[in-house]
Amino acid sequence: MFNYIGKRILHLIPVLLGMTFIVFLIIRAIPGDPAQVILGQQATAEAMAALREKLGLNQPWYIQYFDYLKGLFTGDLGESLRTRQPITTEIWPYLAATFELALFAMILAVIIGMNAGIISAWFQNSWFDYIAMVIALIGVSMPIFWLGLMEQWAFSINLGWFPTSGREEVRDPVAAITHFYLIDTLLQGRFDQFLVTIKHLVLPGLALATIPMAIIARMTRSSMLEVMRSDYIRTARAKGQKMAVVIYKHALKNALIPILTVIGLQTGLLLGGAILTETIFSWPGIGRYIYEAIGYRDYTVIQSGILVVAFMFVMINLIVDILYTVIDKRIKYN
Amino acid sequence: MVSNSMEMKAVEEKAVGPWKEAWRSLKKSKAALVGTVIVLFFILLALFGPLFAPQGINDQNLSVRLLPPSGEFWFGTDDFGRDIFSRIVHGARISLAVGFLSVVISAIVGSFLGIIAGYYGRILDTIISRLFDIMLAFPSILLAIAIVSILGPSLQNALIAIAIINIPNFGRLIRSKVLSVKEEEYIVAAKAIGMKDSRILLRHILPNSFSPIIVQGTLAIATAIIEAAALSFLGLGAVAPQPEWGKMLSDARVHLMTAPWTMIFPGLAIMLTVLGFNLMGDGLRDALDPKMKN
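Residue numbers (UniProt numbering), protein chains in the order written: chain A, 1 to 334; chain B, 1 to 294.
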């Protein structure tokens, strides 16, 4: 197992280097003069020269890249062109907000998706199976930015059940400690704020969870169907074991590998989807941070934001791959 | 006797070409048929719809702004008094064109790289495969955003970005297909009689990789349409007054409270088109390449 993990991490090094290079190119590959594009047509020659100096654009590209890598290794993501704050410190509250939303969405997706898939498989070709799979199919085809708007329209504007946007009550803001508001409100014993935070999480969480939920449901169903045809499950059922025991004790464990792959992949994709959901619900997460940076042509934030999200994506996939070996010891690195 | 008749049946089935076989299987799946009908509907809408649309893309009439759906304006009007139905019909052309074109570009470039990596192997394979790994290390929409931030926001650049992010999916698929096909006896024989690499690749290897490309392509169009709409929604794709569905949704956000129809119909159009391609792609996959299932 350790051999596998070692090889997997070694394989990651060129990928991470390549990733940093692509992100590095975001400023350098802008057609024309990047300083002009960033500062706009009205910029003075002095301002442009100063920006070039600041970004190191006067140096040969390989020196710029080396300096960039050196900065990354020391935890320096650069400085926002707009706020002039170090991105490393500025990014954390946004990142925490995204983590909280993504985690909430993934928990929803896994609980609902897996159970829907299990019930569909157990009652194959029943009305539940048909309805669940049709919903899953529509879910896969759903543009989440449209779903988000529909949710806002139905549940916030018309029914008034949930807030339209944001992460907290503006008149009663959460005193941030970890920037995970569910944790912060509990730490301060503010259960009223905890509930408000949950209410703010529901709509963006559901929008973000829809696609993974649908994919997890479909994958769980097909994976469970395959496992349930095997002899040992037939034996367990013939012995008269309860449905819950057969499913959760015997079948699910063997059906878990493909499901886990999908969960891993979807967690990563969730981070991509967050940019759309956060834009719609004004959720102050990393997606919104990048989106606003695009509007302000804050290229250092764009590149660092993208790098951080991609890095998390890679790490999540690494963790999933390692989990495989824990679940199924037969897996070898190929 | 039984085994004889089974053998004959098998021979008969073999005599039917793979495309006919695929069509047979496709017809058997109701979901795939529904998907094909939806896709055909939107293709026809894109081709001929604008000829019959009640109004032009930019026919503005402020006296009828933000009207709800009615007999005159089926899907209502937007804040410039433009007919939303007509704009959606015109928008079908943009969304399908972006979907098709981007996928054709990714399929051609991806197949080319995949064939080179799979056929020649060694250093070329290592470089190309690592490049694919790096590209796949980004959530696709983020990579698209990165590319559009370099090139500048426009529909054309969104198309290029979507084409680029889908290249590794095709490349990996073809590479693995080539790896399995190149060990086949007829390829070894072709090499032995001195056939040129280019001829082997074009005449033998590429046609054998065709069905997975078609399946992947159909499903990729669905993703490409959503990605294009997402980029336009974020202000990185289509610009006003283009009737791109994602852009229409983005414009509708400010009228969510007063005129929800400006948001409902463009979204419905995106969802139905994507659903059609997904259903058709799933059906084609089951028909053409059962091994790819899940």
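If you are wondering where the hints come from, they were derived from the structure by calculation, not from laboratory data.
Beta carbons: idealized from backbone N, C-alpha and C, even for Gly.
Accuracy of the hints is not assured; some may be wrong.
To be verified - Within a straight-line C-alpha distance of at most 20 Å, the following computed SDA-like cross-link-like pairs (lysine to any residue) qualify:
hint, chain 1, residue 1, chain 2, residue 2
1, B, K30, A, Y130
2, B, K27, B, P50
3, B, K30, A, I131
4, B, K30, B, A46
5, A, K7, B, T126
6, B, K28, A, V134
7, B, K28, A, N125
8, A, K7, B, F41
9, B, K28, A, Y130
10, B, K30, A, W153
11, B, K27, A, F128
12, A, K7, B, I127
13, B, K30, A, K7
14, B, K30, A, S126
15, B, K30, A, S80
16, A, K7, B, R130
17, B, K28, A, K7
18, B, K196, A, R234
19, B, K196, A, R297
20, A, K7, B, D125
21, A, K7, B, L136
22, B, K30, A, Y248
23, A, K7, B, K27
Claimed, not checked - Non-contacting residues of chain A with respect to chain B, defined by C-beta distances greater than 12 Å in every case (computed):
hint, residue
24, V37
25, A47
26, P93
27, S141
28, W146
29, L182
To be verified - Per label pair, the in silico range of CB-to-CB distance:
hint, chain 1, residue 1, chain 2, residue 2, range
30, B, Y120, A, E226, 21 to 27 Å
31, B, R130, A, Y62, 39 to 45 Å
32, A, P14, B, F210, 52 to 58 Å
33, A, I13, B, Y120, 22 to 28 Å
34, A, M315, B, R130, 52 to 58 Å
35, A, W61, B, L124, 23 to 29 Å
Earlier hints that do not hold, by number = 2, 4, 8, 10, 11, 13, 15, 17, 18, 19, 22, 23, 24, 27, 28, 30, 31, 32, 34
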